[in-house]
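> Sequences listed follow chains A and B, in order.
Quick note on numbering: the first sequence equals residues 1 to 260 in my numbering.
Quick note on numbering: the second sequence equals residues 1 to 386 in my numbering.
Treat the hints as calculated values from the structure; they're not laboratory data.
Among these hints, one or two may not hold up.
Capping the alpha-carbon separation at 20 Å, the derived lysine to aspartate or glutamate pairs in EDC-like fashion look like this [unchecked claim]:
1. Lys199/A to Glu10/B
2. Lys31/A to Asp18/B
3. Lys14/B to Glu15/A
4. Lys199/A to Glu110/A
5. Lys146/A to Glu184/A
6. Lys27/A to Glu15/A
7. Lys317/B to Asp133/B
8. Lys197/A to Glu57/B
9. Lys44/B to Glu184/A
10. Lys81/A to Glu67/A
11. Lys197/A to Glu8/B
12. Lys318/B to Glu380/B
13. Lys318/B to Glu364/B
14. Lys24/A to Glu224/A
15. Lys31/A to Glu8/B
16. Lys14/B to Glu36/A
17. Lys191/A to Asp7/B
18. Lys14/B to Asp12/A
19. Lys191/A to Asp18/B
20. Lys31/A to Glu4/B
21. Lys14/B to Glu67/A
22. Lys197/A to Glu10/B
23. Lys31/A to Asp7/B
24. Lys146/A to Glu36/A
25. Lys31/A to Glu10/B
26. Lys156/A to Asp166/A
27. Lys14/B to Glu184/A
28. Lys270/B to Glu15/A
29. Lys81/A to Asp50/A
30. Lys197/A to Glu4/B
31. Lys107/A to Asp212/A
32. Lys191/A to Glu47/B
33. Lys191/A to Glu56/A
34. Lys191/A to Glu8/B
35. Lys191/A to Glu58/B
36. Lys197/A to Asp7/B
37. Lys81/A to Glu8/B
Note that the coordinates shown come from a computational prediction; the quantities given were computed from them, not determined experimentally.
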Amino acid sequence: MNIVVCVKQIPDPAEPGSLDPGTKTLKRATKLILDESDSYGVEMALQLADAAGGGEVTLVSMAPNNEVSGLRTALAMGAAKAILISDPALAGSDALGTAKVLAAAIKRVEGADLILTATESSDGYTGTVPEQLAELLDLPSVTFAKHIEVSDGVVKVQRQTEAGYDDVECPLPAVVSVTAGVVEPRYPSFKGIMAAKSKPVDQLTIADLGIDPSQVGWAGAGQEIVSVEQAPARESGEIFEDDGTGAEKIVAFLENLKVI
Amino acid sequence: MEFELTDEQEALRKVVRDFAQAEIAPYAEAWDRDHIFPVDTVRKMGELGLFGLPFPEEYGGGGAGLTTLCVAIEELARVDQSMAITVEAGVGLGANPIYTFGREDQRQRWLPDLCAGRALGAFGLTEPDAGSDAGATRTRAELDTSAGEWIINGEKAFITNSGTPITSIVTITAVTGTSGGRPEISAIVVPAGTPGFEVQPPYRKMGWHASDTHGLTFTDCRVPADHLLGEQGRGFAQFLAILDEGRIAIAALALGVIECCLAECQRYAKERIAFGRAIGTNQAVAFKVADLAVMAACARSLVYQAARLRDAGRPFKKEAAMAKLYATEAAVTATREATQIFGGYGFIDETLVARQYRDSKILEIGEGTSEIQRLVISRELGLPVT
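Go ahead and model the full structure; you've got the sequences and the hints to work with.
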């Protein structure tokens with residue numbers, strides 16, 4: 001089974017990030033790493049290919065400056081190859097612009113049975129690219145998978161909900177977004193790191209994909225970041241003196257949160 | 001940048017750092033408190049490839065050099081010295097003698113499991129009455145020519161990784177005869193579980209509580225004659241060569257300890273409020289932190305200079321001794337000063353710098369004391385020191 005995993009390369013959350021005051025977007029000139037939320041999709045893909053008795057895991061990523069550091073991490077985990085789209089015209093792309101680029105790249109992967117994504121990136125958090133991808137590729141979309149099985153051309157998904165999970169099935173090929181709980185990502189071994197050095201990374205521009213520059217980047221963005229504000233400081237909680245009704249107040253509080 | 005690492009070495013550093021944070025840091029305090037050797041975690045380090053890093057791929061190794069091993073040990077030591085020394089001893093003292101001095105059949109037999117971390121090897125050199133004075137070895141091995149076996153009698157002391165559930169072999173040094181009136185020392189591989197080979201109960205140590213350390217006794221312990229490692233009578237020269245490489249790895253461990261102290265104190269000096277302001281506003285505290293940064297930079301230079309020389313096939317004896325001497329003494333100083341910065345919390349076992357303080361003293365002793373390093377350096381300088 002051949003699986004495509006969309007992976008994002010993001011600034012290391014352990015380093016202090018900063019915003020470009022002009023564009024109000026995250027500065028991405030530093031070395032980028034594999035978004036941790038994508039490592040679950042990579043691991044899931046490797047396990048599914050393994051369970052199917054073979055097949056390739058192909059990574060697709062869009063990043064500035066031909067960045068491959070994060071891709072090398074996923075290749076070291078065991079992915080076979082990668083497609084990287086890097087183009088100055090992509091700066092400022094919104095979620096839909098990103099989905100257009102990823103969809104065009106995924107179409108180049110022959111015989112892709114399944115496309116996996118995270119539910120959202122850890123830097124942008126729009127959480128809309130998986131569904132946009134499915135629409136652009138004209139494929140069924142299943143979101144928030146906490147468990148995936150594939151058999152006889154059908155993907156069976158336990159779809160995370162607030163109350164528990166739904167059992168969902170759909171025919172392949174399909175786009176499935178996975179949650180952080182779906183599997184435990186492996187650590188790349190040293191041998192994997194060395195092997196990743198020589199795995200192919202197909203580096204493309206938007207011209208290679210036949211995409212018009214006016215459709216992507218700042219030019220094609222249908223959304224604009226108007227302003228960036230500090231998150232408000234957390235408000236202090238309510239303090240009740242127990243006058244004998246403490247238990248009831250706690251129950252009412254929890255009921256209000258819909259946790260009981 | 002003289003010490004810039006390759007992309008692959010940097011990638012390994014990140015993997016080991018992530019692994020140490022997720023798989024070691026949350027448990028290290030409990031392992032230390034309860035004296036637990038976490039064999040599952042050791043196996044996981046094996047799956048990462050850490051125990052095979054400097055050995056060729058044909059034996060299941062990573063085909064890297066000592067520099068790459070130093071990167072891994074440095075990162076482990078930032079979080080837990082016990083796990084760092086388990087890897088250091090497993091590679092440097094367990095597998096390295098087999099690789100360096102073993103015949104092909106010995107390498108094929110023992111190295112793949114050692115490289116994969118499925119098994120651990122140990123090196124039995126020190127004895128109750130022979131530490132730095134390793135020539136005073138009393139353990140004897142006599143060849144029973146009719147049976148084709150060595151008969152080993154004696155005692156070893158302070159042997160790392162010698163009694164774990166996955167220990168497969170201990171390479172010991174023993175007197176196998178005399179030559180020119182001096183004892184002739186050879187190295188012999190003793191598989192775990194050999195009758196007559198007994199592992200004594202673990203020591204009660206000052207630190208390194210999650211590292212496995214035992215005394216060993218050999219009573220008419222018989223192993224096949226072909227378990228001789230390297231040339232008969234060359235055991236003394238062999239272990240000296242092994243120790244030179246191990247010293248660089250121990251220095252890398254000490255470097256990780258200093259970096260841990262620096263990071264912890266940088267954070268704490270900004271967080272901890274006394275007299276209405278962060279303690280880092282006091283020069284007495286800030287200057288200690290500045291000194292930690294200098295120690296880390298010096299140790300890093302010495303460690304990676306020595307490792308580069310070794311990997312380039314150039315002489316490195318003096319540089320290895322200098323790296324071990326400086327980095328380990330600096331680690332003891334750094335952990336003491338970090339403990340001082342942490343005040344009362346620094347004296348509490350569960351504080352990271354407190355554990356690092358207890359764990360560090362052995363660094364000035366094991367694999368060649370500071371005094372032995374000074375002796376080595378003096379001799380390399382051509383001084384007539386005895």
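> None of the hints should be skipped; say for each whether it holds.
Hint check:
1. Our distance criterion of 20 Å between C-alpha atoms is met by Lys199/A and Glu10/B, whose separation comes to about 18 Å.
2. A hinted pair counts as satisfied when its Cα atoms are at most 20 Å apart, and Lys31/A with Asp18/B qualifies at roughly 17 Å.
3. About 13 Å separates the Cα atoms of Lys14/B and Glu15/A, which keeps this hinted pair within 20 Å; it holds.
4. Distance check on the hinted pair: Lys199/A and Glu110/A sit about 18 Å apart at the alpha-carbon level, within 20 Å; holds.
5. About 11 Å separates the Cα atoms of Lys146/A and Glu184/A, which keeps this hinted pair within 20 Å; it holds.
6. Among the hinted pairs, Lys27/A with Glu15/A is consistent with the structure: their alpha-carbon atoms are about 12 Å apart, no more than 20 Å.
7. As the CA atoms of Lys317/B and Asp133/B are separated by approximately 19 Å, the hinted pair is consistent with the 20 Å bound.
8. Note on Lys197/A and Glu57/B: the hinted pairing holds, with a Cα-Cα distance of about 16 Å set against a maximum of 20 Å.
9. At most 20 Å may separate the alpha-carbon atoms for a hinted pair to count; Lys44/B and Glu184/A meet this at roughly 14 Å.
10. About 15 Å separates the Cα atoms of Lys81/A and Glu67/A, which keeps this hinted pair within 20 Å; it holds.
11. Distance hint between Lys197/A and Glu8/B is fulfilled; the C-alpha atoms sit about 8 Å from each other, no more than 20 Å.
12. A distance of roughly 6 Å separates the Cα atoms of Lys318/B and Glu380/B; the hinted pair therefore holds under the 20 Å criterion.
13. Restraint check for Lys318/B and Glu364/B: satisfied, since their Cα atoms lie roughly 17 Å apart, inside the 20 Å limit.
14. Straight-line distance between C-alpha atoms of Lys24/A and Glu224/A comes to about 9 Å, which keeps the hinted pair within the 20 Å bound.
15. Taking the CA atoms of Lys31/A and Glu8/B, the gap is about 14 Å. The hint holds against a cut of 20 Å.
16. Of the supplied pair hints, the one linking Lys14/B and Glu36/A holds, its CA atoms being roughly 13 Å apart against a limit of 20 Å.
17. Restraint check: the Cα-Cα separation between Lys191/A and Asp7/B comes to about 14 Å, which is no more than 20 Å; the hinted pair holds.
18. Between Lys14/B and Asp12/A the CA atoms are separated by roughly 11 Å; this keeps the pair inside 20 Å, and the hint holds.
19. A distance of roughly 17 Å separates the Cα atoms of Lys191/A and Asp18/B; the hinted pair therefore holds under the 20 Å criterion.
20. Among the hinted pairs, Lys31/A with Glu4/B is consistent with the structure: their alpha-carbon atoms are about 15 Å apart, no more than 20 Å.
21. At roughly 17 Å between alpha-carbon atoms, Lys14/B and Glu67/A fall within 20 Å of each other, so this suggested pair holds.
22. Proximity of Lys197/A to Glu10/B is assessed by CA-CA distance (about 13 Å); at most 20 Å being required, the pair is judged to hold.
23. Proximity of Lys31/A to Asp7/B is assessed by CA-CA distance (about 12 Å); at most 20 Å being required, the pair is judged to hold.
24. For the suggested pair Lys146/A and Glu36/A, the alpha carbons sit about 16 Å apart, so the restraint of at most 20 Å is met.
25. Our distance criterion of 20 Å between C-alpha atoms is met by Lys31/A and Glu10/B, whose separation comes to about 12 Å.
26. For the proposed pair Lys156/A and Asp166/A, the alpha carbon gap of about 10 Å is at most 20 Å, so the pair holds.
27. For a cut-off of 20 Å, the pair hint linking Lys14/B to Glu184/A stands: about 18 Å separates their Cα positions.
28. For the hint pairing Lys270/B with Glu15/A, the CA-to-CA distance comes to about 17 Å; that is within 20 Å, so the pair holds.
29. The hinted pair formed by Lys81/A and Asp50/A meets the criterion: a straight-line CA distance of about 16 Å does not exceed 20 Å.
30. Proposed proximity of Lys197/A and Glu4/B is supported: the alpha carbons are some 18 Å apart, at most 20 Å.
31. Distance restraint check for Lys107/A and Asp212/A: the Cα-Cα separation of roughly 17 Å lies within the 20 Å cut-off, and the hinted pair is therefore satisfied.
32. For a cut-off of 20 Å, the pair hint linking Lys191/A to Glu47/B stands: about 10 Å separates their Cα positions.
33. Between Lys191/A and Glu56/A the alpha-carbon distance is near 19 Å, which keeps this suggested pair within the 20 Å criterion.
34. Proximity of Lys191/A to Glu8/B is assessed by CA-CA distance (about 10 Å); at most 20 Å being required, the pair is judged to hold.
35. For the given pair, Lys191/A sits about 12 Å from Glu58/B by alpha-carbon distance, which is consistent with the 20 Å threshold.
36. Restraint check for Lys197/A and Asp7/B: satisfied, since their Cα atoms lie roughly 9 Å apart, inside the 20 Å limit.
37. With a C-alpha separation of about 17 Å, the suggested pairing of Lys81/A with Glu8/B holds against the 20 Å cut-off.
Going through the hint list in order, the structure satisfies each hint without exception.
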